[in-house]
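Residue strings, one per chain:
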Amino acid sequence: MKQFFILAFWAVFSGGLAAETKIIEVTSPGGITAWFVEEQSIPIVSISLSFQGGASLDPAEKQGATNLMMGLLEEGAGGLDASGFLEATDDLGARFSFQAGRDSVTVTASMLKSDLDKSVDLLRLALVSPNFDEIALERVRGQVNSNIRSSANDPNSLAGMAFNQLIYGDHPYGRDRDGTLETVAALTPDDMRVAHQRSMTKDRLVVGVVGAITPDELGVLLDNLLSDLPQSSDGNVADFEVLTSAGVTVIDLDTPQSVAIFGHRGLARDDPDFLTAFVLNHIMGGRVSTARLNVELREKRGLTYGISSFLLPYRHAATYLGQFSSSNESMGEAVDLVKAEWAKMAEFGITREELDVAVRYLTGAYPLRFEGNSAIAGIITGLQVANLPIDYPQTRNDQVRAVSLEEMNRVAAKIFLPEELVFVIVGQPEGF
Amino acid sequence: MDRLLKFTVAALIFVANPLAAQEVPITTYTLDNGMEIVVIEDHRAPTVTHMVWYRVGAADEPAGKSGIAHFLEHLMFKGTEAFPDGTFQQIIEANGGNDNAFTSQDYTAYFQHIAVDRLPLMMEMESDRMRGLILDDGAMLTERDVVLEERALRTESDPGSLFTEQRNAALFLNHPYGTPVIGWKHEVSALTLQDALDFYALYYAPNNAILVVAGDVDPARVYELAKQYYGPIAASDGITVRVRPQEPPQTAPRRLVYRDDRVATPYVIRTYLAPNRQSGNQQQAAALALLADLLGGSGISSLMGRRLQLDEGIALATGAFYNSRSYDPDSFGIYVVPKPDITLEQAEARMDATLEYLLENGVEPERLARSKRQILASQIYAMDSQSGLARRYGAALTSGLTLADVEAWPQALQAVTAADILAAAQELFDINASVTGYLTGPEATQ
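So the sequence lines, in the order shown, correspond to chains G and X.
Going by the working numbering, the final residue of the first sequence carries number 456, and the count climbs one at a time with no gaps.
Going by the working numbering, the final residue of the second sequence carries number 448, and the count climbs one at a time with no gaps.
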C-alpha cells in the first residue's frame with residue numbers, strides 16, 4: 025500500500041523554482057560585488073550582508089564584545105541618538121536586524137522601494153558611524169547580562185554551552201557568544217570601536233540582494249551603503265579538530281524533562297563527501313516523519329516530542345550533532361536508542377528504498393526554500409559564504425540524485441562514529 | 003449545483019505613496035456542503051500552501067477534557083483506510099512537501115507547502131481525513147505520551163509558561179480561555195480514544211471548515227478541484243454557532259506571585275480583559291491595537307520604553323500586547339522587566355505611573371502618525387509571505403470575522419484618532435478586570 029502511493033505520485037519534479045531563480049552577479053562602480061535577484065512584483069528590497077569572522081574573533085578577555093557591538097549598531101549613529109535612530113527607521117518603514125554569529129556578523133534589511141534611498145542612508149550610518157555612547161552601552165549591557173543570567177538556568181542553553189565546552193575546549197567555539205558576566209562588565213566604548221573595525225570590513229563582506237530595483241540601481245545602492253567601510257582588518261581564528269570519545273555528561277538541573285545534545289566530529293562544508301553526508305543525515309535525523317530517530321523515539325515509543333540531527337560545518341571546525349528532550353524517567357531508554365541507531369547506521373548503512381525516499385523529498389523540498397524575497401536574499405548570501413557557484417541552485421538537485429547507494433554506505437561508515445559519540449544531558453535523568 | 007462565485011475582491015493595500023497601491027488578488031467561493039474557500043494568488047513561484055481550517059479549538063472542548071482539540075490534531079496524522087499507518091506524511095515527503103498543523107483556542111488548522119502541481123493530491127488526502135480517520139488504542143496511547151512530552155517541553159520546562167497558565171486561569175473567571183490550549187496535565191493524561199473520536203465526529207465536517215489555498219494557482223481551477231475532492235463530503239447537522247460561557251462582571255483585581263528557582267529575570271505583567279474585533283465594527287479594536295503599539299510596541303520609542311528604559315532607567319525591557327483576533331473577548335497586556343536592583347513593586351508602580359500619564363496626556367499626534375506608517379509598511383512586507391497571508395485569512399475567518407472585515411482592518415487602523423485611543427484606554431484600564439502577576443526567582447523581591 026505504502027509503496028504504491030509513493031511511486032504512483034512521484035511525478036518528475038525537476039528544478040522548479042530554484043531553477044527559475046536567476047541570480048546574477050553585480051559589481052558596483054566602486055568595486056563592491058553582490059549576488060542579486062530582481063523581483064519587481066512587490067515594492068520592497070531585501071538586503072543580506074554577512075561579514076566573515078564573527079564573535080570568534082573576540083579575544084578571550086573580551087568575550088562578548090562582538091555581540092554587544094552588534095546590539096549597539098541600532099542604538100544611535102551619525103548624530104542620531106538611540107530614539108532618533110529608531111524613530112527614523114520607523115518613519116521610513118524600514119526593518120533592520122544586526123546579529124553576531126560564531127563565524128560571521130550579519131545585517132539584514134528590508135526596505136520599501138518608495139523610501140529606498142533614505143533607508144540606505146540610514147543603514148549606512150549604523151554600519152559606518154555608530155555612536156557607541158556610554159548611555160546606550162550601559163542599557164544594552166544590562167540586557168545582555170539578563171540574557172546571560174537566564175541562559176544559566178535554561179536547560180537548552182546549559183546543554184549547548186556544556187556541549188561546546190566539552191568538544192571545543194579553549195578554542196573560541198567553546199565560549200559563549202554573549203560573553204560572561206565578568207567579561208561583559210569590563211567592555212568599554214573603545215572595545216566596541218575595536219570590535220566594529222575588526223568585524224565589518226570590505227574583505228570580509230558577502231552581499232545578497234533581492235527586490236524591486238535594477239542591476240544599475242543596485243550598483244549605486246551598494247556604493248552608497250558600503251563604500252565607507254574599512255578595506256580589511258587583522259584577526260583570524262585557528263582551525264580545530266574535534267575529537268571525542270564516547271561518554272555521557274549529566275548536568276543536574278531540577279526539571280521534569282531532560283534535554284540532551286549529542287554528537288562528534290563532522291565534515292567540512294567543502295569536503296567532497298558533504299552532500300552525501302547531508303543526505304545520510306536526513307535519513308537519520310532529518311525533520312521528516314520517516315527519519316530513523318523520529319520513528320524509533322517518537323512514532324514507536326512516544327519518548328520525545330521531537331528529535332533531529334544536523335551537520336554543523338563551521339569554518340574552523342566541523343561537528344555532527346543532534347538534540348532532543350525526554351522525561352527524566354525515559355531519558356535512559358532514549359539515549360540507548362540513539363546509540364543503537366548510530367551503531368546500526370555505521371555498520372549497515374542505508375537501503376535503496378531509504379535513499380529513493382530521501383532523494384525525492386530533498387529534491388522536491390529544495391525549491392520550497394526559495395520563497396519570499398528576504399528568504400532568497402539569505403540563501404544567495406549563504407551560497408557565497410559556502411563558496412558555492414552561482415548556478416548551484418540549478419545543479420544541486422542533480423547532484424543529490426547522482427549519489428549512489430555504494431557511495432552513501434561508504435560515507436556512512438566514515439561519518440557515524442559510535443565510539444566517539446558524546447552526550448550532554450541537563451536535568452535529572454534516571455539511571456545515569 | 004454549487005453556488006456561483008460569491009464575490010471576488012482585490013485586497014487593496016495602500017502604500018504611503020498612493021501610486022504604489024498593491025493588490026493581492028483574493029477570490030472566494032462556497033461549496034454546496036457549506037465549505038468556504040479562499041484563494042490567494044501569488045505567482046512568484048510554482049508552489050502552493052494548502053490549508054484546511056476548522057472552526058473548533060481548545061475553547062470548544064467539553065469540561066474535563068482539556069487538550070482534546072490539540073490531541074486530536076496529533077492523531078489526525080495516524081491514518082485512514084486509503085492512507086493508513088503514517089502514509090499521509092510519507093507521501094507528502096516523497097513529493098518534496100512539508101506539512102504540519104496547529105491548534106489555538108479558536109481554531110485547528112492543517113497545512114501543506116508543496117509544488118503547485120501536487121495540489122490535487124493534497125486535496126485528495128486532506129478531504130479523505132476530514133471524515134475517514136481510523137484510530138486504535140495503541141497509536142492513541144503512544145501519541146498521548148508524545149503530547150505529554152510536548153507539554154513538558156513547552157510548559158513544564160519553562161517557568162514563564164507555567165506562570166502564563168496561572169495568570170490566564172485567574173483572568174478568565176468563567177470563559178474557557180482560562181484553560182491552556184495544550185490542556186492541563188492531569189486531564190491530558192486521562193484522554194481516551196473515544197474522547198478523540200467524539201470530538202472528531204462532532205466538529206470535522208465541511209460546513210465547519212475553510213479551505214485556504216495560496217500560491218501559483220488559478221482560482222477557478224482551485225474551485226473545480228475543491229468541488230471534486232471536498233464537494234462530495236456531506237455536511238454535518240451537529241454544527242451550530244459557537245456559544246461559550248462568557249465572563250460575569252469582574253469586580254475584584256487579582257494578584258499572583260509565581261516563584262520558581264529557575265527564574266533569572268523576574269518581571270511584572272498585567273493583563274486586562276479586552277474586547278475583540280467585532281465583525282462589521284472593528285473601530286474599538288483598532289484603537290486598542292494602536293494603543294498597544296504606542297504604549298509598548300516598539301521598544302524604547304514606545305511610551306513605556308521611553309519613560310522606563312530611557313528616562314528613568316529602571317527597566318531592561320517593556321512591552322504591550324493585544325489579542326484582537328479572538329472569537330470571544332480576550333486580553334490586553336503590559337509588562338516591565340526591571341533592572342536587577344529594582345523590585346517588582348517599584349516596577350509596577352512606575353508602570354502604573356506611565357498609564358496615568360497616558361490617561362492624563364493622551365497620545366502625541368506625531369507618534370500616532372509614526373505607528374500608522376509602520377502599519378502601512380507591515381501590510382507591504384506581509385505580501386512577501388505566502389503562508390503568512392494564508393494564515394491571516396484562515397485565522398480571521400475561524401474567529402468570527404468575514405473577508406470584508408479582513409479587508410477593512412487596515413483602513414480601520416488608519417482611521418483611529420488620538421481621541422479614540424484615549425477613550426479606548428479609559429475603558430480598558432479597569433483594575434477590577436485585571437490580573438497582575440509577578441514572576442520571580444528563589445530570592446524574594448522583598
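The set of hints was computed from the structure by calculation and includes no laboratory data.
Built from N, CA and C at the ideal position, the CB exists for glycine as well.
Please note that the accuracy of each hint is not assured.
[Claimed, not checked] If you want the footprint, here are the derived chain G segments under chain X, 3+ residues with CB under 8 Å:
(1) 107-116
(2) 170-181
(3) 278-290
(4) 306-316
(5) 319-328
(6) 391-401
[What the hints assert, rightly or not] Ranges of calculated distance between the beta carbons of each label pair, as one might list FRET restraints:
(7) G:D360 x X:N434: 31 to 39 Å
(8) X:V259 x G:D360: 35 to 43 Å
(9) X:S380 x G:E353: 33 to 41 Å
Cross-check of the supplied hints:
As drawn, the stretch 107-116 of chain G meets chain X at 5 residues by the rule of a beta-carbon pair under 8 Å; at three or more, the given contact holds. A stretch counts as covered by a chain when three or more of its residues have a beta carbon under 8 Å from one of that chain; for the stretch 170-181 of chain G and chain X the count is 7, and the coverage holds. Only residues whose beta carbon comes within less than 8 Å of a beta carbon in chain X count, and the stretch 278-290 of chain G has 5; three or more means the coverage holds. Proximity of the stretch 306-316 of chain G to chain X, defined as three or more residues with a beta carbon under 8 Å from a beta carbon of that chain, is established by the 3 residues found.
Given as covered by chain X, the stretch 319-328 of chain G passes the check, having 7 residues with a CB less than 8 Å from a CB of that chain where 3 are the minimum. Counting residues of the stretch 391-401 of chain G whose CB falls under 8 Å from any CB of chain X gives 7; the rule of at least 3 is met. One distance hint, 31 to 39 Å for the beta-carbon pair D360 of chain G and N434 of chain X, is violated here, with the actual separation near 55 Å. Distance hint for V259 of chain X and D360 of chain G: a CB-CB separation of about 42 Å, consistent with the stated range 35 to 43 Å.
A hinted range of 33 to 41 Å is violated for the C-beta pair S380 of chain X and E353 of chain G, which are about 46 Å apart.
When the structure is compared with the earlier hints, violations turn up for hints 7 and 9 and for no others.
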